[in-house]
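Number of protein chains: 2
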Amino acid sequence: MRRQITGFSNPVVKELRALREKKHRKAAGRFLAEGLRLLTDALACGHVPEVLVMSTARDPHPLVDALEAAVNASGGEVIETAPDILSKITGKDNAQSVAGVFAEFDTSLTGLDLSAAPIWLVAQALRDPGNLGTMLRTGDAVGAGGLILIDDCADPFSVEAVRASMGAVFTQKIARGTWEEFLPWLRARPGQLVAASLRDAVPYRGAPYAAPCFVMVGNESRGLPEEYEAACDLRVTMPMKGRADSLNAAVAAAVLAYEVLATLEG
Amino acid sequence: MRRQITGFSNPVVKELRALREKKHRKAAGRFLAEGLRLLTDALACGHVPEVLVMSTARDPHPLVDALEAAVNASGGEVIETAPDILSKITGKDNAQSVAGVFAEFDTSLTGLDLSAAPIWLVAQALRDPGNLGTMLRTGDAVGAGGLILIDDCADPFSVEAVRASMGAVFTQKIARGTWEEFLPWLRARPGQLVAASLRDAVPYRGAPYAAPCFVMVGNESRGLPEEYEAACDLRVTMPMKGRADSLNAAVAAAVLAYEVLATLEG
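Those sequence lines, one after another, are chains A and B. Numbering of the first sequence is given in the working numbering, commencing with residue 1 and proceeding in unit increments. Numbering of the second sequence is given in the working numbering, commencing with residue 1 and proceeding in unit increments.
Keep in mind the hints are simulated off the structure, nothing from the lab. Any given hint could be a false lead.
Straight-line distance between alpha carbons at most 27 Å, and here's what the computed DSS-like set of lysine-lysine pairs gives [said to hold, decoys possible]:
no., chain 1, residue 1, chain 2, residue 2
1, A, K23, B, K92
2, B, K241, A, K173
3, A, K92, B, K23
I would like the entire structure built from these sequences, with the hints used as guidance.
Laid out in structure tokens, this is it:
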């Protein structure tokens, strides 16, 4: 059963569009993701959208058929609408052929299975949803288990973060907590906490990384608080040959994570 | 001499604000940069703003005095205005204390001095100004000489790119050209062209990088055209442990560039 929506003022359009705002996402416990590739990745990871929105301008595609069948089988809703209405929902010009509404995942620390992966990324007070999505994407690439968000981070379920993650929001576990929750949780189990730092640090090449390794980066403007760095098992420094004394947060996480990966696979 | 501007409708406000748009930047040959740290870096690299805009809400600071003195000495203009007018000019809430208008630099390939650095970054059809600015910032960090923009890239002088560069727009050389201009230019001198690739590639760790090394990444959606990859001296591949088959472009450039740096400094 496909429901046809033809008007911009349809209340469903308004409801879906509202998911672009954090407070509405939080109230609904749902978020938006767009694009056939991304929704297909989601499905492969066991995430079936509650609502599938298809553009009337889409080309026929077996992956779209597979999505529709999965949504129908799970009792979800399938909506067909004009591309300009789909654009209005996702806020993106040149609408993708499909978008989906997903239930937000469990983001408790206790939901993480540390035996699942040797690397975990940790972001502290990261404010840019693009950086956050990029970290998820990098995490997928290095075989990390997930991304742990400490303190007041951007929302990983925002449209921008989901888009930048290129689907990794579905392959990576996401957990959220304060530093006061995270540190005791970490210390109750094996795990090496590593941060890029200028204080009392060793070169990042050849540092003694060990699994499970938690690679932590801090806020875009302020970096990590000094006491957070002090609590790390390993502080490493990357060459800074120019005038700048820091890298973009997502870049720093990636350079470090690839170094950790190379060391662990040694 | 400080000129006071008190009205939003002042034509100078309109003129400066227009520099946020590419066509106006191109017509004026000037661009905007904001923030005391960034303008101070610019000054240290010999770039004096043609116009310095100072917020009336700024705190006194010797670096602001130094900027003002430099602008006056070079015959530039100093404007003082309210923070909300400065916000309107730069398009950013919470205006910085200062902004500057700079003449765009020479971006010809022939203006590059390859003996100046062992690493150069190359971006092909990169569309995201944030990615472009991040590549400049990474270039500064790895001691690259500059960023070469191939084909139709985002504008490195856009407010977003300048902001993401964190000042590296002033420390890195920037050149622009088509592939048909770039490749003969490159082949007329020593230089190794390297790209991340899935085709006929060797592992990026331990690859035989050599200076001057040109690290190239492609468009965010399409990657590099096949014939561009084929023209490279070295194609390298990075581990992709998850579902994704690529990294964010700026991340890929950074992971590769740090690997090149480590190899060259061996």
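Going through the numbered hints above, which ones does this structure break? Give me the numbers in ascending order.
Of the numbered hints given earlier, the structure breaks none, since each of them holds.
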